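From first to last, the protein sequence lines are chains A and B.
Per the working numbering, residue 1 is the first one in the first sequence, and the count goes up by one each step.
Per the working numbering, residue 1 is the first one in the second sequence, and the count goes up by one each step.
In short, the hints are calculated from the structure, not lab data.
Any given hint could be a false lead.
Straight-line C-alpha distance at most 30 Å; calculated DSSO-like pairs for lysine-lysine [what the hints assert, rightly or not]:
| # | chain 1 | residue 1 | chain 2 | residue 2 |
| --- | --- | --- | --- | --- |
| 1 | B | Lys104 | B | Lys93 |
| 2 | B | Lys40 | A | Lys4 |
| 3 | B | Lys291 | A | Lys2 |
| 4 | B | Lys2 | A | Lys25 |
| 5 | B | Lys227 | A | Lys25 |
| 6 | B | Lys40 | A | Lys21 |
| 7 | A | Lys25 | B | Lys5 |
| 8 | A | Lys4 | B | Lys2 |
| 9 | B | Lys2 | A | Lys21 |
| 10 | B | Lys259 | A | Lys4 |
| 11 | B | Lys42 | A | Lys18 |
| 12 | B | Lys2 | B | Lys42 |
| 13 | B | Lys104 | B | Lys32 |
| 14 | B | Lys42 | B | Lys227 |
| 15 | B | Lys32 | B | Lys42 |
| 16 | B | Lys32 | B | Lys123 |
| 17 | B | Lys32 | A | Lys2 |
| 18 | B | Lys32 | A | Lys21 |
| 19 | B | Lys2 | A | Lys2 |
| 20 | B | Lys42 | B | Lys5 |
| 21 | B | Lys259 | B | Lys40 |
| 22 | B | Lys5 | B | Lys93 |
| 23 | A | Lys18 | B | Lys104 |
| 24 | A | Lys21 | B | Lys227 |
Keep in mind that this is a model prediction, so the values were computed, not measured.
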Amino acid sequence: MKIKLRNPSREVELPGRKRVKEVLKELDILPGTVLVIRGSDLLTADEVVGEGDELEVRPVMSGGSDRQ
Amino acid sequence: MKCRKCGAGAVIELPRHNAAFCSPDFQEFFRKQVAEAIRKHKMFTPEESVLVAVSGGKDSLALWDVLIETGYQTAGLYLDLGIFDYSVESKAKCEAFAASRGQKLIVESVLERVGAGIPEVQKATRRPTCSACGLSKRYLMNRAAVDHGYPVSATGHNLDDEAAVLFGNVLHWQMDPLSRQSPALASTHPKLARRVKPLYRLSERETAAYAFLRGIDYIVEECPFAKGATSITHKQILDRLEEASPGAKHNFLFGFLEKARGVFEHAEPTVLNECAVCGQVTTGEICAFCKLGDQVKRRRA
């Protein structure tokens with residue numbers, strides 16, 4: 001499967017069928033810090049993804065702030 | 001994974017609530033959390049017009065969207081910070097959002113008000129970039145609200161933002177900021193608009209999911225100055241805590257608001273004056289924003 005990552009923008013490929021949470025573990029990404037998107041769908045951690053899937057792992061952190 | 005409410009396939013899990021939702025039920029959950037924030041802190045009434053500060057990011061556009069959907073009277077305020085392509089792109093996102101919903105968007109430019117964009121302001125003042133930017137945003141947001149007749153200004157600060165700010169303030173025992181940290185700050189002067197944060201009950205993953213599910217075209221790229229910001233480090237530490245113990249951020253922030261904040265409040269209210277240069281509210285003689293502008297002018301001279 002192809003996986004698009006952000007900040008910085010890059011693409012990686014992972015083999016096999018696995019759950020989203022296993023994909024994130026392989027990429028060393030905490031599930032609570034990203035959305036995992038396939039096309040127009042949001043995927044939950046237990047969703048199985050595999051061959052032919054194109055995913056976007058989109059960080060959710062807003063950047064920078066001062067004391068407010 | 002199934003939606004807790006209707007049993008359909010879930011699109012998002014919320015470990016801190018031990019729940020998962022389908023898209024329509026998640027959007028309803030989201031709107032209810034915003035409604036609860038507005039009700040609990042008496043942020044504004046349906047009769048009041050709300051000025052929503054929008055950056056083009058997920059939080060502020062999600063906030064604007066939910067307020068429009070709920071039927072509140074709103075206008076957007078975009079602050080052009082002059083941060084290269086990032087500002088150009090984020091402004092375009094805000095303009096497109098406002099146009100698609102038939103809403104008014106007010107644009108204020110730091111360049112016009114200070115004579116320089118944030119990158120140059122930072123060099124002139126040697127403040128951390130986020131600090132000069134935050135100061136400018138607070139000033140321009142309040143000024144725009146007062147000048148345009150909005151009694152209240154709303155920002156898209158979420159639970160993660162607030163927990164990270166609290167973490168930083170506790171780490172350094174910043175007594176004044178701790179006394180002021182609240183989802184709603186009342187107006188204490190005719191030239192001060194009420195400031196509210198209706199998303200403080202929602203995590204940034206939840207605001208990102210809401211924005212995505214609503215089809216909001218927001219800027220995903222980080223501000224180029226955010227890299228290495230202390231607040232980001234604090235968020236990363238809290239993310240680790242949250243992963244190990246879901247609900248940790250919620251308990252940290254809500255525990256502070258419900259049990260501890262009062263301890264830091266001052267008995268004596270802060271004395272407010274009007275700035276000798278611009279007439280806006282300040283605790284001194286000349287406000288920090290005018291001092292900033294002066295530093296930029298002197299550097300150029």
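Next item on the list: Below or equal to 30 Å on CA atoms is what counts here, so check Lys32(B) against Lys21(A).
Entry: Holds: Lys32(B) and Lys21(A) sit about 28 Å apart, inside 30 Å.
Note to self: Would the hint linking Lys104(B) and Lys32(B) be met if the CA-CA limit is 30 Å?
What the structure shows: This hinted pair holds, its Cα atoms lying about 25 Å apart.
Check: Is Lys21(A) close enough to Lys227(B), meaning Cα to Cα at most 30 Å?
Finding: Satisfied, since the Cα-Cα distance of roughly 26 Å is no more than 30 Å.
Notebook entry, point to check: Keeping to a limit of 30 Å between CA atoms, is the pair of Lys32(B) and Lys123(B) held or broken?
Noted result: Measuring from Cα to Cα gives roughly 43 Å; hence the hint is violated.
Note to self: Tell me if the straight-line CA distance from Lys4(A) to Lys2(B) falls inside 30 Å.
What the structure shows: 26 Å, holds
Notebook entry, point to check: CA of Lys259(B) to CA of Lys40(B), is that 30 Å or under?
Noted result: Holds. Lys259(B) to Lys40(B) sits at ~15 Å (cutoff 30 Å).
Note to self: Hint check: Lys2(B) vs Lys2(A), CA-CA at most 30 Å. Holds or violated?
What the structure shows: The hint holds at about 26 Å.
Next item on the list: Would you mind confirming whether the straight-line C-alpha gap from Lys40(B) to Lys21(A) stays at or under 30 Å?
Entry: 36 Å, violated
Item checked: Distance restraint between Lys42(B) and Lys227(B), which requires alpha-carbon spacing of 30 Å or less -> This hinted pair is violated, its Cα atoms lying about 35 Å apart.
Check: Quick one, are Lys32(B) and Lys42(B) close enough, alpha carbons at most 30 Å?
Finding: Holds, because 15 Å separates the two Cα atoms, which is no more than 30 Å.
Check: Given the hint that Lys104(B) pairs with Lys93(B), does the C-alpha gap stay at or below 30 Å?
Finding: 14 Å, holds
Margin query: Given the hinted pair Lys5(B) and Lys93(B), is their Cα-Cα distance within 30 Å?
Written below: Answer violated: Lys5(B) to Lys93(B) is near 33 Å, above 30 Å.
Hint check: violations occur at hints 2, 3, 6, 10, 11, 12, 14, 16, 17, 22, 23; the rest are consistent with the structure.
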